[in-house]
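J.: Sequence:
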Amino acid sequence: MKLKAILSVSLLLAVAAVLPQRVLASAATKVDLVQDVASGGVGTLDMLGPTGYGFVNFNQNANGDLRITVSLKNAEPNTTYQGVFLVCGPTHASACGYVDAGDLTTNGQGNGNAILKLSVAVLQASPFGPGYRTDHFDLLKGVGDDSAGVYVAGGVNYIVP
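What the sequence shown shows, in mature numbering (1 follows the signal peptide of the UniProt record, and there is no 0), is residues -27 to -1, 1 to 134, in sequence order.
The hints are simulated quantities; they were obtained by calculation from the structure and are not laboratory data. It is possible that some hints are incorrect.
As the list claims (entries may be wrong) - Label pairs and their calculated CB-CB ranges:
id, residue 1, residue 2, range
1, Pro134, Asn47, 32 to 40 Å
2, Ala94, Asn51, 32 to 40 Å
3, Ser120, Ala(-1), 33 to 41 Å
4, Asn47, Asn130, 21 to 29 Å
To be verified - As a list, the in silico PhoX-like pairs of lysine-lysine whose alpha-carbon atoms are at most 25 Å apart:
id, residue 1, residue 2
5, Lys114, Lys3
6, Lys114, Lys90
7, Lys46, Lys90
8, Lys90, Lys3
9, Lys3, Lys46
10, Lys114, Lys46
Since this is a predicted model, take the numbers as computed values, not measurements. Each residue gets a CB set at the ideal place from its N, CA and C atoms; glycine is no exception.
Could you put together the complete structure from these sequences and hints?
T.: Below is the structure:
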């Protein structure tokens, strides 16, 4: 009888382990934006620049989609950053790819906001993939274009189901 109970519990645990897991909605996390490279392309891509340039606030809904709010302050006026990139890896040196989450346009004072979303399907695909992730965001005028500065938010931790 005891053996039957142990086998039943073991079977139940094995079945539960292979069923798809749902992600619980996560609380919002706020990460400061750092000016990694100043306007005009001045500086080194080292993620060590000054703060005071806004923030990235992110969370996940119950499906696992990553919801992102970007608030850029004191940047290049009247500029469209055609790249709010989620970059695979916690630093530039460890980057293994990226996905473009959307655009952000600043006003005449250099301030701008964007509300963006990356679907769980995008996050499950290469270069990201399922599991616990530590990545970072880069904001720049376009791929490889640091003329309007580069802003970075590191320590973006989330789980891809």
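J.: Which hint numbers doesn't this structure obey?
T.: none
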